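Kindly produce the complete structure, drawing on both the sequences and the hints.
In order, the protein sequence lines correspond to chains A and B. Here the first sequence stands for residues 10 to 351, numbered as in the working numbering. Here the second sequence stands for residues 10 to 351, numbered as in the working numbering.
The set of hints was computed from the structure by calculation and includes no laboratory data. Note that this is a predicted model, so its numbers are computed, not measured. Treat the hints with caution; some may be incorrect.
A partial selection of chain A residues facing chain B, derived with a Cβ cut-off under 8 Å [to be verified]: (1) F90; (2) N133; (3) H299.
Simulated crosslink set (DMTMM-like; lysine to aspartate or glutamate; CA at most 20 Å straight-line) [said to hold, decoys possible]: (4) B:K79 x A:D137; (5) A:K249 x A:D279; (6) A:K19 x B:D178; (7) B:K205 x B:E245; (8) B:K181 x B:D137; (9) B:K79 x B:D33; (10) A:K19 x B:D328; (11) A:K79 x B:D137; (12) A:K79 x A:D324; (13) B:K19 x A:E245; (14) A:K170 x A:D158; (15) B:K79 x A:D328; (16) B:K19 x A:D158; (17) A:K181 x A:D241; (18) B:K19 x B:D63; (19) A:K19 x B:D155; (20) A:K205 x A:D158; (21) B:K19 x A:D155; (22) A:K249 x A:D285; (23) A:K79 x B:D129; (24) A:K79 x A:D137; (25) A:K19 x B:D158; (26) A:K181 x A:E58; (27) B:K205 x B:E188; (28) B:K19 x A:D285; (29) B:K249 x B:E197.
Heads up, the beta-carbon is just placed ideally off N, CA and C, and yes, glycines get one too.
Protein chains: 2
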Amino acid sequence: MTRGPRAGTKRVTLVDVAAAAGVDKAIVSRVVNRDPTLLIRPETRTRVEAAIVDLGYRPNLSARSLRTAKTGILGLVIPDFSNPVYAQIIAGAEAAALSSGNVLVTGSAGGAVSPAAYLDLLGNGRVDGLLIAGGAPSTQEQRILDGLDIPWLLVNRRDRKSRRYVILDDAKSAHMAVEHLVELGHTEIAHIAGPKTTDTAQRRLTGFTEAMEEHGLRTPASRIVVGEYTMDGGAEAAAKLMSSRRRPTAIYVANVAAAVGVLHQLAALDLSVPGDVSVVTTHDTELASHVMPALTTVRMPLRELGARAVRSLLDTPPDAQVELLLADDFTLVRRESTAPLA
Amino acid sequence: MTRGPRAGTKRVTLVDVAAAAGVDKAIVSRVVNRDPTLLIRPETRTRVEAAIVDLGYRPNLSARSLRTAKTGILGLVIPDFSNPVYAQIIAGAEAAALSSGNVLVTGSAGGAVSPAAYLDLLGNGRVDGLLIAGGAPSTQEQRILDGLDIPWLLVNRRDRKSRRYVILDDAKSAHMAVEHLVELGHTEIAHIAGPKTTDTAQRRLTGFTEAMEEHGLRTPASRIVVGEYTMDGGAEAAAKLMSSRRRPTAIYVANVAAAVGVLHQLAALDLSVPGDVSVVTTHDTELASHVMPALTTVRMPLRELGARAVRSLLDTPPDAQVELLLADDFTLVRRESTAPLA
DNA sequence: GTACCCCGTTCAATCGTTTGAATCTGAGGC
DNA sequence: GCCTCAGATTCAAACGATTGAACGGGGTAC
Numbered sequence: 010m011t012r013g014p015r016a017g018t019k020r021v022t023l024v025d026v027a028a029a030a031g032v033d034k035a036i037v038s039r040v041v042n043r044d045p046t047l048l049i050r051p052e053t054r055t056r057v058e059a060a061i062v063d064l065g066y067r068p069n070l071s072a073r074s075l076r077t078a079k080t081g082i083l084g085l086v087i088p089d090f091s092n093p094v095y096a097q098i099i100a101g102a103e104a105a106a107l108s109s110g111n112v113l114v115t116g117s118a119g120g121a122v123s124p125a126a127y128l129d130l131l132g133n134g135r136v137d138g139l140l141i142a143g144g145a146p147s148t149q150e151q152r153i154l155d156g157l158d159i160p161w162l163l164v165n166r167r168d169r170k171s172r173r174y175v176i177l178d179d180a181k182s183a184h185m186a187v188e189h190l191v192e193l194g195h196t197e198i199a200h201i202a203g204p205k206t207t208d209t210a211q212r213r214l215t216g217f218t219e220a221m222e223e224h225g226l227r228t229p230a231s232r233i234v235v236g237e238y239t240m241d242g243g244a245e246a247a248a249k250l251m252s253s254r255r256r257p258t259a260i261y262v263a264n265v266a267a268a269v270g271v272l273h274q275l276a277a278l279d280l281s282v283p284g285d286v287s288v289v290t291t292h293d294t295e296l297a298s299h300v301m302p303a304l305t306t307v308r309m310p311l312r313e314l315g316a317r318a319v320r321s322l323l324d325t326p327p328d329a330q331v332e333l334l335l336a337d338d339f340t341l342v343r344r345e346s347t348a349p350l351a
Numbered sequence: 010m011t012r013g014p015r016a017g018t019k020r021v022t023l024v025d026v027a028a029a030a031g032v033d034k035a036i037v038s039r040v041v042n043r044d045p046t047l048l049i050r051p052e053t054r055t056r057v058e059a060a061i062v063d064l065g066y067r068p069n070l071s072a073r074s075l076r077t078a079k080t081g082i083l084g085l086v087i088p089d090f091s092n093p094v095y096a097q098i099i100a101g102a103e104a105a106a107l108s109s110g111n112v113l114v115t116g117s118a119g120g121a122v123s124p125a126a127y128l129d130l131l132g133n134g135r136v137d138g139l140l141i142a143g144g145a146p147s148t149q150e151q152r153i154l155d156g157l158d159i160p161w162l163l164v165n166r167r168d169r170k171s172r173r174y175v176i177l178d179d180a181k182s183a184h185m186a187v188e189h190l191v192e193l194g195h196t197e198i199a200h201i202a203g204p205k206t207t208d209t210a211q212r213r214l215t216g217f218t219e220a221m222e223e224h225g226l227r228t229p230a231s232r233i234v235v236g237e238y239t240m241d242g243g244a245e246a247a248a249k250l251m252s253s254r255r256r257p258t259a260i261y262v263a264n265v266a267a268a269v270g271v272l273h274q275l276a277a278l279d280l281s282v283p284g285d286v287s288v289v290t291t292h293d294t295e296l297a298s299h300v301m302p303a304l305t306t307v308r309m310p311l312r313e314l315g316a317r318a319v320r321s322l323l324d325t326p327p328d329a330q331v332e333l334l335l336a337d338d339f340t341l342v343r344r345e346s347t348a349p350l351a
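As structure tokens, then:
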């Protein structure tokens, strides 16, 4: 008669299974882990497998971790769940983790907990490796990272001091945006950049000014305005930009949420997009195609970024440097927010 | 001389600390865990604490878990990170977990992995408790849940079979939306509901029809259209709704993402919001206030939902039932998408 | 018949912590 | 001087899995 997994309340262990199958627990362990060096008679294996199913045996992960010093968990720390950009990175990372036999868990730092505290909590012993996405670097965070005895990697963020990161070629995305605006005949192009502390914002800004120079265009300081990576931030920046003496005819906004705020603000100022101003931004989220007018964007391979981060984390020795710049599969997605200069 | 945490490569254990402090490891363990029953001379305690700092001792969580059968991790499984509604639930849950001395980790199921597989992965031994948010119930999932020997709880989802859940009063939110439209003079009110498999969609639908009846209004079947909880889903549903013979003058959309799609679709049909059609929806996200026109919404306490879920998970015995319906702090946020009937 | 080898299985140490119980050491009471 | 007792500390047995090494028995070779 089959005893269900719920029979008796105490946990089923290797020893129980071994007893039920009439073998030593070492055998059971090797069967469970599919040890290729194990020599075993087929009927014994069958007996063991039957006992496992019969008793509903589940390995105790803590015990296994204690012995092997591996937990099978990878951690990802992001600054904020409400940013849809991370949703895609997470999706790519989860898939890659799973296919390597790990499970990826995500936590956010920056709200209730400081990033540093979070790293501390998650860092030691709970996970086999840690990905840290975005956010601004802090010295305290760096100190904890240094003290960690597990591998870690920055994602979508670079750091001069620690040469372990996987990023997208954000400068290229800015180039593509400017290129598009120039092709449409624009010369009076402004940039709404992200916060100075944000690495991606810096690289997009650099890309923007480089691209402008390449086309022999000048960008007076008043044409570059900093705003948070949020809708409110974008709206505020747009207001500032449009209050200047000579208004631009086109804007490259560093972030899609900010771009939505920009659209909103321009409408409030009774400016038509793309009639009066063209708007192009970076990151192609579902949102971009559903605001009005639908946003022209540069799409970057965010899922791929997440996946590559996981693979690099697993494949690279903890002390080696990883400096990966993803620059392929960038696409300019033309929608309604950009038009030829009238 | 102080040996840094990095001196020697092997991990520092209790034994090392005990040796350095000249005491038994039992003492060190009790100091680390602040055992209140411990009797210890102040100078001994000082010596131990110094050794801990000196050697950079960090407890091995696996060993501790093995012994105590607790991991200090709570898991949250959501269907999809790109839904901003979950961002708020997570924020509330993380804060509550932290303040209870746990860390909350989140994973998504439904993309690369099936929800069931995810539960299996996360469920046994890796976490002390599991919250399952949203998504559609499956029998396989239910089976795994039943086999789990840790406490779990459904969040923002009810399930007739398993009486362990914390939800918001979604029917009330529908009531408030209808109430608002009726006050504005609307009688021809339609509803864009969510998928039939989604529990919140069901409850909002029920609330909608109830509220309509209360006001003596009829809702022909053609006035209720089902659409996914996505922008595309909303757009599609709106198209269907507006192709009917008698168009409604107001729509209650079950979900904010869908509502954005609705706005987009109405604009494409050259219908003015709120001139021709008023739109109201549930959940007040940043997005709602930044689309054009800004959406009138019913705001529900999502962070509170996350926090209460964690507390219930921790406070309630695994076999007790938890049926919690949050109905306070609902607010109708009036914006530009609703107006009095012309 | 003895030696050897290989297959299948068992032994036993180990991972680092927790925790009830045992032990030791002075000090105080009589 | 002996007993008691509380205070301070140590002992040692778990927790459950992994894994290199040892073991036993039957077959083959010579």
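Hint by hint, here is what the structure shows:
| no. | hint | verdict |
| --- | --- | --- |
| 1 | F90 | holds (4 Å) |
| 2 | N133 | holds (5 Å) |
| 3 | H299 | holds (4 Å) |
| 4 | B:K79 x A:D137 | holds (18 Å) |
| 5 | A:K249 x A:D279 | holds (15 Å) |
| 6 | A:K19 x B:D178 | violated (38 Å) |
| 7 | B:K205 x B:E245 | holds (16 Å) |
| 8 | B:K181 x B:D137 | violated (33 Å) |
| 9 | B:K79 x B:D33 | violated (24 Å) |
| 10 | A:K19 x B:D328 | holds (15 Å) |
| 11 | A:K79 x B:D137 | holds (18 Å) |
| 12 | A:K79 x A:D324 | holds (15 Å) |
| 13 | B:K19 x A:E245 | violated (53 Å) |
| 14 | A:K170 x A:D158 | holds (18 Å) |
| 15 | B:K79 x A:D328 | violated (32 Å) |
| 16 | B:K19 x A:D158 | holds (10 Å) |
| 17 | A:K181 x A:D241 | violated (26 Å) |
| 18 | B:K19 x B:D63 | holds (15 Å) |
| 19 | A:K19 x B:D155 | holds (16 Å) |
| 20 | A:K205 x A:D158 | violated (31 Å) |
| 21 | B:K19 x A:D155 | holds (16 Å) |
| 22 | A:K249 x A:D285 | holds (16 Å) |
| 23 | A:K79 x B:D129 | holds (18 Å) |
| 24 | A:K79 x A:D137 | holds (6 Å) |
| 25 | A:K19 x B:D158 | holds (10 Å) |
| 26 | A:K181 x A:E58 | violated (55 Å) |
| 27 | B:K205 x B:E188 | violated (24 Å) |
| 28 | B:K19 x A:D285 | violated (65 Å) |
| 29 | B:K249 x B:E197 | holds (16 Å) |
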